[in-house]
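S.K.: Sequence order for the protein chains is A and B. In this text, residue positions in the first sequence follow this note's numbering: the first is 1, and each later residue adds one. In this text, residue positions in the second sequence follow this note's numbering: the first is 1, and each later residue adds one.
Please keep in mind that the hints were generated in silico from the structure rather than gathered at the bench. Hints should not be assumed to be uniformly reliable.
[What the hints assert, rightly or not] Which stretches of chain B does chain A cover? Using the computed rule of at least three CB atoms under 8 angstroms from a CB of chain A, they are:
hint, region
1, 100-112
2, 133-142
3, 157-165
[Unchecked claim] Just so you have them, the derived chain B footprint on chain A, three or more residues with Cβ under 8 angstroms:
hint, region
4, 99-105
5, 108-115
6, 127-141
7, 163-172
[Stated by the list, open to error] Quick list of in silico lysine-lysine cross-link-like pairs, DSS-like style, CA-CA up to 27 angstroms:
hint, chain 1, residue 1, chain 2, residue 2
8, B, Lys221, B, Lys2
9, B, Lys221, B, Lys114
10, A, Lys278, A, Lys114
11, A, Lys143, A, Lys278
12, B, Lys143, A, Lys143
13, A, Lys114, B, Lys114
We put the beta carbon where it would ideally sit given N, CA and C, even for glycine.
Number of protein chains: 2
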Amino acid sequence: MKTVESPHDMQRICGNLRLAGETIGLVPTMGAFHEGHLSLMRAARQACSQVAASLFVNPTQFGRGEDLTNYPRTFEQDAALAEQVGVDYLFAPTEGAMYPNGYETYVEVERLTKVLCGVARPIHFRGVTTIVTKLFNIVRPHKAFFGQKDAQQTVVIRKMVDDLNMDVEIVELPIVREPDGLAMSSRNQYLSPEEREEAVVLYRSLEEARRLIDGGERDAKRIISTIERVIRTASHAEVDYIEVVDSSTLQPLDALNGETLIALAVRIGSARLIDNIKIKV
Amino acid sequence: MKTVESPHDMQRICGNLRLAGETIGLVPTMGAFHEGHLSLMRAARQACSQVAASLFVNPTQFGRGEDLTNYPRTFEQDAALAEQVGVDYLFAPTEGAMYPNGYETYVEVERLTKVLCGVARPIHFRGVTTIVTKLFNIVRPHKAFFGQKDAQQTVVIRKMVDDLNMDVEIVELPIVREPDGLAMSSRNQYLSPEEREEAVVLYRSLEEARRLIDGGERDAKRIISTIERVIRTASHAEVDYIEVVDSSTLQPLDALNGETLIALAVRIGSARLIDNIKIKV
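Bound-form chain A, shown alone (with noise of 0.2 angstroms):
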């Protein structure tokens, strides 16, 4: 595996493989890898010849007061873990080469980045979009490769992939989980004990919509009410949304209808954690 810092180095290897014939998959991250991640550049590892993965902590998609900072740094267990699972190239540029003084260029997706996180995170999917248009840019992949936990980011994704016609196939592979059920996450390191064991509830109150919905039921009212009475059992949860919304346009469902995504949002202690499922019915 070659680590590559530069931008510019980065653009000239990706272009020579793609002109030499190679297929090159994408994986963009912010680091601090689990499962998750490791899920993504082994599917790309499957699909494509050439693996490429980015590390890089956006600061742009973080707003004010969020845990930029704080967020998990660990170069070097993630590139021996990338180079485990068969990655060629890590991308890991620094933040004064990817926005350098006067940067002022921003991507948006104006609707679908003003729902579910994009109430509490106003300029998260923005800051989302802009890297990972210059990460294509750069790397110029086949493919991408997503997690559903941030099932938002794959929908705003794809939207400004369609909409600004980047030649690229986005592909979107399901959650990794904990053995009791908690979404795999970089900031499930920020839970004390007593936290970590509560968190399980975010999970426990999506089983239970399933159950329900698999039971019959359609009220996405009474299905938001089942999940938020699961997760009130936790003393350290706060709710900060749970929603029923079509899982391509991300607006608000009535009734269940086609594939929908059932999202939430919870603050545990310090972390602000988020998971879902998508049921077709």
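Got chain A; can you put chain B on it based on the hints?
M.R.: Then chain B, alone, in the frame of chain A:
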């Protein structure tokens, strides 16, 4: 010359050209070709093995009350001219193909678009950077050619290219002028014969500024008032702005220093005309 309407077809064609080792030059236009456009196509023909021109009157760069509906559309004549100067692919998509229902993604350069033409046309450059991003993603040119008449546009596009790591070289070519000095523009067609005669004051005022500077003048205020005095000799002319700015930051200068852009916008009848000169002192 091949005319291509579908963005998807154009992307496939250009992708294959790139893989085959061709060098692609792109001339983005809104049609109504004059010698200004043709000079860009000839330069692309010299510099690249394959030349694509796009012809699309881009609705997102027109504000409310601007001339989107009246903008000249002369497709047959444009196609003949493009073929004469050696364009290989004329990309002429429909509005519905470029901005399908539900379109909602925009690229924005924040500061450089707030000055000069950005004051009277607040959404103009967002439309320009968005359509140019789309065209770059469809055509994937090695070089793209723009005219100096839209000097701010080139500065904004260069900033976007740098900030978003777009792998394309931006080439700017000199303003092409009518025999009396008026900068060629599709919007000159809006002028009545009397207005057309008066419109030469834009050029004359800039030439007067050049003479002053050649004679040693460095004070921006005195240069601006000279320009204004010349333009006031035209009874139908109404100044939108006259500015003396740094040619890369577009920030106003008190005294000329380095490469200076002297830019102006003037309304004559129903036309809003722009012109500029660059002077290195």
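S.K.: The structure should be examined with respect to each hint, and the outcome stated for every one.
M.R.: Outcome of the hint check:
1. 100-112: holds (count 10)
2. 133-142: holds (count 5)
3. 157-165: Coverage by chain A holds for the region 157-165 of chain B (5 residues, Cβ < 8 angstroms).
4. 99-105: Check passed, 3 qualifying residues.
5. 108-115: n = 5 at 8 angstroms, threshold three: holds.
6. 127-141: holds (count 7)
7. 163-172: It holds: at least three residues are needed, and the region 163-172 of chain A offers 5 whose Cβ sits within less than 8 angstroms of chain B.
8. B:Lys221 - B:Lys2: With a Cα-Cα distance of about 51 angstroms, the restraint between lysine 221 of chain B and lysine 2 of chain B is violated, given a limit of 27 angstroms.
9. B:Lys221 - B:Lys114: Satisfied, since the Cα-Cα distance of roughly 21 angstroms is no more than 27 angstroms.
10. A:Lys278 - A:Lys114: Roughly 20 angstroms separates the two Cα atoms, so the pair holds.
11. A:Lys143 - A:Lys278: 22 angstroms, holds
12. B:Lys143 - A:Lys143: Judged against 27 angstroms, a Cα distance of about 25 angstroms means the pair holds.
13. A:Lys114 - B:Lys114: 25 angstroms, holds
Hint check: a violation occurs at hint 8 only; the rest are consistent with the structure.
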